[in-house]
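Student: All residue numbers for the sequence shown refer to UniProt numbering, where the first residue is 1 and numbers rise by one.
Be a bit skeptical, because a hint or two may be false.
[What the hints assert, rightly or not] Distance condition first, Cα-Cα at most 30 Å in a straight line; then the derived DSSO-like pairs of lysine-lysine:
#1 K36 <-> K114
#2 K36 <-> K8
#3 K108 <-> K8
[What the hints assert, rightly or not] Pairwise CB distance ranges, derived in the manner of DEER restraints:
#4 E117 <-> Q22: 31 to 39 Å
#5 A118 <-> A85: 27 to 35 Å
#6 D35 <-> E117: 20 to 28 Å
#7 K108 <-> R71: 15 to 23 Å
Think of the hints as simulated: they come from the structure by calculation, not from any bench. For glycine and all other residues, C-beta sits at the position ideal for the given N, C-alpha and C.
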Amino acid sequence: MDRVPVLKLGDILIVSIQIDLQDQSVLALQEDLADKVVATGARGVIIDITAVEIVDSFIGRMLATIAAISRMLDAETVVVGMRPAVAITLVELGLSLGGVRTALNLEKGVALLKHLEAPRITTAAR
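Could you put the whole structure together from the sequences, leaning on the hints where they help?
Tutor: If you want it as structure tokens, here you go:
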């Protein structure tokens, strides 16, 4: 089973999915990300699915689950690089990924996380 690498950029973890995701790979990614969020104190997680051409309901649900787990661990998740066909498939499967933030690409995903972080810093400084 291939594992998906998790990279750290400042307080953001970046996952670029470059393999065909099997159920076991997704479950391993879920565990790896949760462990890394806690170990690094990451405030954001970006999941880049630019290379993903096909998703099924399990993978769609797991993206939502990963985002929920990250939120519980005080990190926001942004899914970036979603192809139109993937978005259409998720909606047709009834998986609108409610609560999961999305951005067109990695650069916009990082900017979104930085924007979300700004209110935390302001509030914490008071």
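Student: It remains to establish, for every hint, whether it holds in the given structure.
Tutor: Status of the hints after comparison with the structure:
1. Between K36 and K114, the direct Cα distance comes to roughly 19 Å. Compliance with the 30 Å bound is thereby established for this hinted pair.
2. Note on K36 and K8: the hinted pairing holds, with a Cα-Cα distance of about 9 Å set against a maximum of 30 Å.
3. The straight-line distance between the Cα atoms of K108 and K8 is roughly 17 Å, inside the 30 Å bound, and the hint therefore holds.
4. The given range of 31 to 39 Å is respected by E117 and Q22, whose C-beta atoms sit roughly 33 Å from each other.
5. At about 34 Å, the beta-carbon gap between A118 and A85 stays in the expected band of 27 to 35 Å.
6. Our hint of 20 to 28 Å for D35 and E117 holds, since their Cβ atoms are close to 22 Å apart.
7. Checking the proposed 15 to 23 Å range against K108 and R71 shows it holds: the Cβ atoms sit about 20 Å from each other.
The structure meets every hint from the earlier list without exception.
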